[in-house]
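Q: Residue numbers (numbering that gives the first Met the number 0), protein chains in the order written: chain Z, 0 to 218; chain V, 0 to 468.
Hints in this document: simulated from the structure, not taken from any laboratory.
These numbers come from a predicted model, not from an experiment.
Heads up, some of the hints might be wrong.
[Claimed, not checked] Interface residues of chain Z toward chain V, partial, derived using beta-carbon atoms under 8 Å: (1) T5; (2) L29; (3) K85; (4) A118; (5) N124; (6) P167; (7) G168.
Backbone N, C-alpha and C fix where the C-beta goes; we use that ideal spot for every residue, glycine too.
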Amino acid sequence: MDAFVTHRGKVAVLDWSDVNTDLIIPARYLTRVERTGYGTLLFADKRYVADGSPSAENPLQHGDLAPDFPINRGEFRDATILLVGKNFGCGSSREHAVWAVAQAGFRVVIAPGLGEGFADIFEGNSFNNGLLPIELPDDSWKRLVDQLRAGGEMTIDLQNKTVTSHAPGSPEQTFAFEVPEENRQRLLKGLDFIAETLLEEPAINAYEKNAPAWAAAIG
Amino acid sequence: MPSSLFEKVWNRHEVLNRGQASLLYIDRHLVHEVTSPQAFDGLRLSGRKVRRPDLTFATLDHNVPTENQLDIREPMSRRQVEVMRANCKEFGVTLYDIGSGRQGIVHVIGPELGLTLPGLTIVCGDSHTSTHGAFGSLAFGIGTSEVEHVLATQTLWQGSKPKALGVEVTGRLAPGLEPKDIILAVIRELGTGGGTGYVIEYFGEAIRALSMEGRMTICNMSIEGGARAGLIAPDDVTFEYLASGNRPFSPKGKAFDHAVADWKTLTTDDPSAFDRLVTIDASKIVPQVTWGTNPAMTVDVTGRIPEPEHVPFASKEDARRALDYMGLTPGTPITEVAVDVVFIGSCTNGRIEDLRTAARVFQGRKVAPTVRALIVPGSEEVREQAIAEGLDRVFIDAGAEWRQAGCSMCLAMNPDKLTPGQRSASTSNRNFEGRQGPGGRTHLVSPAMAAAAAVAGHFTDVRELLPAH
Numbered sequence: 000m001d002a003f004v005t006h007r008g009k010v011a012v013l014d015w016s017d018v019n020t021d022l023i024i025p026a027r028y029l030t031r032v033e034r035t036g037y038g039t040l041l042f043a044d045k046r047y048v049a050d051g052s053p054s055a056e057n058p059l060q061h062g063d064l065a066p067d068f069p070i071n072r073g074e075f076r077d078a079t080i081l082l083v084g085k086n087f088g089c090g091s092s093r094e095h096a097v098w099a100v101a102q103a104g105f106r107v108v109i110a111p112g113l114g115e116g117f118a119d120i121f122e123g124n125s126f127n128n129g130l131l132p133i134e135l136p137d138d139s140w141k142r143l144v145d146q147l148r149a150g151g152e153m154t155i156d157l158q159n160k161t162v163t164s165h166a167p168g169s170p171e172q173t174f175a176f177e178v179p180e181e182n183r184q185r186l187l188k189g190l191d192f193i194a195e196t197l198l199e200e201p202a203i204n205a206y207e208k209n210a211p212a213w214a215a216a217i218g
Numbered sequence: 000m001p002s003s004l005f006e007k008v009w010n011r012h013e014v015l016n017r018g019q020a021s022l023l024y025i026d027r028h029l030v031h032e033v034t035s036p037q038a039f040d041g042l043r044l045s046g047r048k049v050r051r052p053d054l055t056f057a058t059l060d061h062n063v064p065t066e067n068q069l070d071i072r073e074p075m076s077r078r079q080v081e082v083m084r085a086n087c088k089e090f091g092v093t094l095y096d097i098g099s100g101r102q103g104i105v106h107v108i109g110p111e112l113g114l115t116l117p118g119l120t121i122v123c124g125d126s127h128t129s130t131h132g133a134f135g136s137l138a139f140g141i142g143t144s145e146v147e148h149v150l151a152t153q154t155l156w157q158g159s160k161p162k163a164l165g166v167e168v169t170g171r172l173a174p175g176l177e178p179k180d181i182i183l184a185v186i187r188e189l190g191t192g193g194g195t196g197y198v199i200e201y202f203g204e205a206i207r208a209l210s211m212e213g214r215m216t217i218c219n220m221s222i223e224g225g226a227r228a229g230l231i232a233p234d235d236v237t238f239e240y241l242a243s244g245n246r247p248f249s250p251k252g253k254a255f256d257h258a259v260a261d262w263k264t265l266t267t268d269d270p271s272a273f274d275r276l277v278t279i280d281a282s283k284i285v286p287q288v289t290w291g292t293n294p295a296m297t298v299d300v301t302g303r304i305p306e307p308e309h310v311p312f313a314s315k316e317d318a319r320r321a322l323d324y325m326g327l328t329p330g331t332p333i334t335e336v337a338v339d340v341v342f343i344g345s346c347t348n349g350r351i352e353d354l355r356t357a358a359r360v361f362q363g364r365k366v367a368p369t370v371r372a373l374i375v376p377g378s379e380e381v382r383e384q385a386i387a388e389g390l391d392r393v394f395i396d397a398g399a400e401w402r403q404a405g406c407s408m409c410l411a412m413n414p415d416k417l418t419p420g421q422r423s424a425s426t427s428n429r430n431f432e433g434r435q436g437p438g439g440r441t442h443l444v445s446p447a448m449a450a451a452a453a454v455a456g457h458f459t460d461v462r463e464l465l466p467a468h
């Protein structure tokens, strides 16, 4: 996993609430057994004109972008930071949703509501893929959305846990954010969490020795 | 300090506690073909093995065609199934394959096999893993990176401990009402994000009165309220289920007695152990029908499609988008909404009791000529049991399609799907846009309400179809 320390990039706004993982990537694409090739499948049933969504076999072959879908707007082109509504990523546990967001070029997703911006599983999957999920208080999030709705940039500083907006013709706004410290350290260092856990093997062995006999799966 | 059932199970499984995060031991890892290929690939790339193949169990469910399970025509689906078989062989994992007699939806076969036991931690790369919490186990869905982590280490890092949400369901359900109506009413109360950061424990008179099948329906949809897991404290109903039937992995003899003694300690000491408490009166619940594009957008069967400004937990814009997608006009009574397809099945409502309930409504009636009805057992075992009880004849005589086991029309990953604009009454768990096929419109209901809609051709109050008591 690539380390994440600071990032500056363009912003896109999709301020719908309860965006679920079926919307982020429909189930018919989950027949793929690869870990890559999901970028063009992001919002596949919304992002392209009618009948324009790609097939699971050929993700790169798709129709024109649907002009009315928010993230397709010209001012959001090449965005790497996505401002989304509350409870983003609810529903299915599919990590394909995070792969699609990340492989479409996003490095940060920002949602409103401390503890309710992201669905739990989506949030965990994001950290495991180097996609930084940030929750801001409702009013801070709204001020950013109002300022950046017509396009702009942001700087995300994970070292100092701040986000700063850069919108043409308006003053910069900086807000502090919190993420779980374990996740922050892993992102800052780009650690492989399985290798890290395997260092704890003696503790796992000890646990297994003391497990109750009935908990074994003996068929 | 009193502790909750959830905390007791969590604390038993802490291998390490680093304050900000705990390393939890995982007792059962259930695997299916969709969310595991990249995890096995990861193991291969790093030269790692499956640490405990004896605690890892796989099946095939999402891609399986239910008209003829053996005839997987879609090349991508076929490849995914073949990759699952090859991975199980290479890493020594038991696979309940098509035709084994024990294949089925992963959350239906786990309990059938006796793999799901009180007090265990159970994970699967599938959000409906919450189902297994019906036995008093801590069971939750994980992503594919976590699947790889569990395969390699049999453990999982969890950030700060979730909070405990107590949902007390008092009173008794009226005739014609089902566990599905309880959980839809609970989600309507919580909102789809209301349980985020929580684990739910369901308790109260109405929960105690439920069979294991009913309890599984309730825990299954915890994730639809935002909670990763839902639990119900084990009791005699649980122990009876585990002691009966053909459940090869349930402990036997003395081991079973020891286990029951331990399981009896798995209760919440006192309601003050909950961080939050919600109470719902089961006797006031009437049949529920979702109208919108998330499972909290629900009305009573006696109700009407709401105005967009009166939709709880949704902005006017979000509600209007949902109404547009569903092709519905505010003010319309839900019973005037016609359905094209009825789907009875899934990990929510594909168990034997669900099929018995549906059969009682279909008995002596016909599926409306405008409706296609699919009855899909959740497992090969459920299918065999239904046939032994003659339920298949009831469905076939009514004009419904009697299918083989799989996830079927719950999600559009196999040939069973809606075509654009088609409207379904579905016993599954999600009414998201496109969930049952691009452009498909899903209404979630109980098996009895689904069968009633199949017969009437539109939503109808199943209580009017039942014999008087």
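Q: Does each hint hold? Answer for all of them.
A: Structure-based check of all given hints:
1. T5: Since chain V brings no Cβ nearer than about 22 Å to Z/T5, farther than 8 Å, the hint is violated.
2. L29: holds, 5 Å
3. K85: holds, 6 Å
4. A118: For Z/A118, the interface hint holds, since the closest Cβ of chain V sits about 6 Å away, which is under 8 Å.
5. N124: Because about 4 Å separates Z/N124 from the closest Cβ in chain V, which is inside the 8 Å limit, the hint holds.
6. P167: Given a least distance of 27 Å, the restraint on Z/P167 is violated.
7. G168: Not OK, violated: Z/G168 not within 8 Å of chain V, min 27 Å.
Checked against the numbered hints given earlier, the structure breaks hints 1, 6 and 7 and satisfies all the rest.
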